[in-house]
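Protein chains: 2
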Amino acid sequence: MKELISLGEGSGGRLTAQLIAGIIENFGAQNGQKDGCEDCTFVEGSLAVTTDSFTVSPRFFPGGDMGHLSICGSTNDLAVRGVRPQWLTMGMIIEEGLPREELHRLVKSAAATCAQLGVTLAAGDTKVVPKGAAEGVFFSVTALGHSVTPQPLGMDRLKDGDALILTTSPGRHGTVIAALRYGLDLGGLESDCAPLWPLLEPLLPLPGLHCMRDCTRGGLGTVLCEWAESTGLGMEIEEEALVLHPSVTAICDILGFDPLYLASEGCALIACAPEDADTVLSRLRAHPLGREAALIGHVTAEHGGIVGMKTSLGGTRIVDMPIGEILPRIC
Amino acid sequence: MKELISLGEGSGGRLTAQLIAGIIENFGAQNGQKDGCEDCTFVEGSLAVTTDSFTVSPRFFPGGDMGHLSICGSTNDLAVRGVRPQWLTMGMIIEEGLPREELHRLVKSAAATCAQLGVTLAAGDTKVVPKGAAEGVFFSVTALGHSVTPQPLGMDRLKDGDALILTTSPGRHGTVIAALRYGLDLGGLESDCAPLWPLLEPLLPLPGLHCMRDCTRGGLGTVLCEWAESTGLGMEIEEEALVLHPSVTAICDILGFDPLYLASEGCALIACAPEDADTVLSRLRAHPLGREAALIGHVTAEHGGIVGMKTSLGGTRIVDMPIGEILPRIC
Chain F
0 MKELISLGEG SGGRLTAQLI AGIIENFGAQ NGQKDGCEDC TFVEGSLAVT
50 TDSFTVSPRF FPGGDMGHLS ICGSTNDLAV RGVRPQWLTM GMIIEEGLPR
100 EELHRLVKSA AATCAQLGVT LAAGDTKVVP KGAAEGVFFS VTALGHSVTP
150 QPLGMDRLKD GDALILTTSP GRHGTVIAAL RYGLDLGGLE SDCAPLWPLL
200 EPLLPLPGLH CMRDCTRGGL GTVLCEWAES TGLGMEIEEE ALVLHPSVTA
250 ICDILGFDPL YLASEGCALI ACAPEDADTV LSRLRAHPLG REAALIGHVT
300 AEHGGIVGMK TSLGGTRIVD MPIGEILPRI C
Chain Y
0 MKELISLGEG SGGRLTAQLI AGIIENFGAQ NGQKDGCEDC TFVEGSLAVT
50 TDSFTVSPRF FPGGDMGHLS ICGSTNDLAV RGVRPQWLTM GMIIEEGLPR
100 EELHRLVKSA AATCAQLGVT LAAGDTKVVP KGAAEGVFFS VTALGHSVTP
150 QPLGMDRLKD GDALILTTSP GRHGTVIAAL RYGLDLGGLE SDCAPLWPLL
200 EPLLPLPGLH CMRDCTRGGL GTVLCEWAES TGLGMEIEEE ALVLHPSVTA
250 ICDILGFDPL YLASEGCALI ACAPEDADTV LSRLRAHPLG REAALIGHVT
300 AEHGGIVGMK TSLGGTRIVD MPIGEILPRI C
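As they're listed, the protein sequences go chains F and Y. The numbers in the first sequence follow numbering that gives the first Met the number 0, run straight up by one, and end at 330. The numbers in the second sequence follow numbering that gives the first Met the number 0, run straight up by one, and end at 330.
Hints were generated in silico from the structure; no laboratory data involved. Source: prediction; values computed, not measured. Any given hint could turn out to be false.
Which copy? The list can't say, so a pair holds if one copy fits it or any two copies do.
[Said to hold, decoys possible] Calculated pairs, DSSO-like style, for lysine-lysine (alpha carbon to alpha carbon, straight line, at most 30 Å): (1) K158 x K309; (2) K1 x K107; (3) K158 x K130; (4) K1 x K130; (5) K1 x K309; (6) K309 x K130; (7) K309 x K107; (8) K1 x K158; (9) K158 x K107.
Just need the whole structure built from these sequences, with the hints factored in.
Right, here's the structure in full:
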């Protein structure tokens, strides 16, 4: 029997990592992703590039839409590495029969986010496929920019003792998409979808800023696991420090999802030297997107490669990388 | 009634131009496509970028496959502007249930073409969508590189009297896809799908080299119309100078297609000063991809904005830009 690609391979967990590894190995010497699993790659000097495709369903949701999300998702992958988003390219695969008005709403929304960031659309491409060959429209965005930090930020700078700071309450984007998909009441919850550059830029001059990552597919849990596995360091977080929106807790309880693994689209995990933690927190809290910023734990040389969460009951839970399907098409 | 996107808007003709214009206008000051309808855009100094999505059906065809095509199509858009392809990003939207072996054949094929060109994969993204939400797999490729010509090549350098040279026999890729789609015998015909950089690089030092364009969606006819409309110059070509593969002629006769508008994926139109035409032709013919290179006409200040083709019967036919549907999903 032929082995077929499964939906779980798109969820951002361990199966996605295996799918990507299987693709990348084909490129051999042509593989320039020296930065491994980082969110973007430096190609030449300070110039960095990242790419993302967007298939989110539904395309419009409280707090955003696929146009806005496509600019946030791609430019956030630059921002977390200290790279100012400057240019982007957009490819659109459009299903025949898509209402033109809907396409234009998505495009206007993307353009507004570009304007907010001062990002220039450098190139574009459109393809139209027959009805049924795609679902509505998919966007593919590649974003480019120059690093503005003295040293590149990345997992190789994570250190024993680093403070772990979360910029906002996690899991809201994934929870919104899940609730819409299952017809649940959102209780006022909106996706956190937002461009992170304006929030993170004030942190970049800090010499103790070591590593940042936006918690998209696979959520905060997956980011922590990737950091632990890539560095061999342990990650220790406190359940009580995680500020969950009440609707996130309620919807996850109903659906049986763990908010640790649900995607955010405007939330970053930050690792910095402990002496810079207060400065990072105060600069984050000065921005509307960072008002709920919280110190959630620290990096430790103990239990290397493992993520532990001290639960509110006083025990420690091992946080493992999710394996397969969580929730498809959240971005 | 809602206005819906039609399949014809994806064919590369006038409707595609209108669709793109409608998208770009939303970006206002954020629109960096100063180069208008050129194949790639210079973002900073000599650095150029281009993007393309690939939805070709069928994904495997005589002479290539979607993996190979995705690298050729994207890097050719750099090559025709004198830009050496150096890095690329790949986004993949994969339908649940795609045989893994097929994905890997496509990826291996893309990787082999990257290796041939010395192009580095800088970043990638994979999404998996549920069965029925996409057809098999779509690739989106963004290619980057630096210009190596003293002056950028482009339509603004087209001049009255320029020689028009076609690097090879046109329309083979589109004809192959059409024949497969309609179950016609190919008579040994293969897609011309090939990376153009090795063929075009030797031309780049020539000061009389003005403008190049690969004849993809919409074919040679559309390129000529875009050049004429953008510059206000006339384009004059000779029907007899167009070397058509006998199978291209035969299949187009059966299907009622005009080979002038069928896509090539390894064929460029070149405009150069008349005194450089012989050098261009001899350098092209020295490469396997350019053995059938031919002088097909010239740029003229007469009948501005119009493309005229002298037919083999002695008359002149006006070549207009195709409006809507020619053949969907050729790339």
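The hints, checked one at a time:
| no. | hint | result |
| --- | --- | --- |
| 1 | K158 x K309 | within (20 Å within a copy, 73 Å between copies) |
| 2 | K1 x K107 | between (43 Å within a copy, 18 Å between copies) |
| 3 | K158 x K130 | neither (52 Å within a copy, 43 Å between copies) |
| 4 | K1 x K130 | both (27 Å within a copy, 16 Å between copies) |
| 5 | K1 x K309 | neither (43 Å within a copy, 54 Å between copies) |
| 6 | K309 x K130 | neither (50 Å within a copy, 40 Å between copies) |
| 7 | K309 x K107 | neither (44 Å within a copy, 45 Å between copies) |
| 8 | K1 x K158 | neither (44 Å within a copy, 57 Å between copies) |
| 9 | K158 x K107 | neither (42 Å within a copy, 38 Å between copies) |
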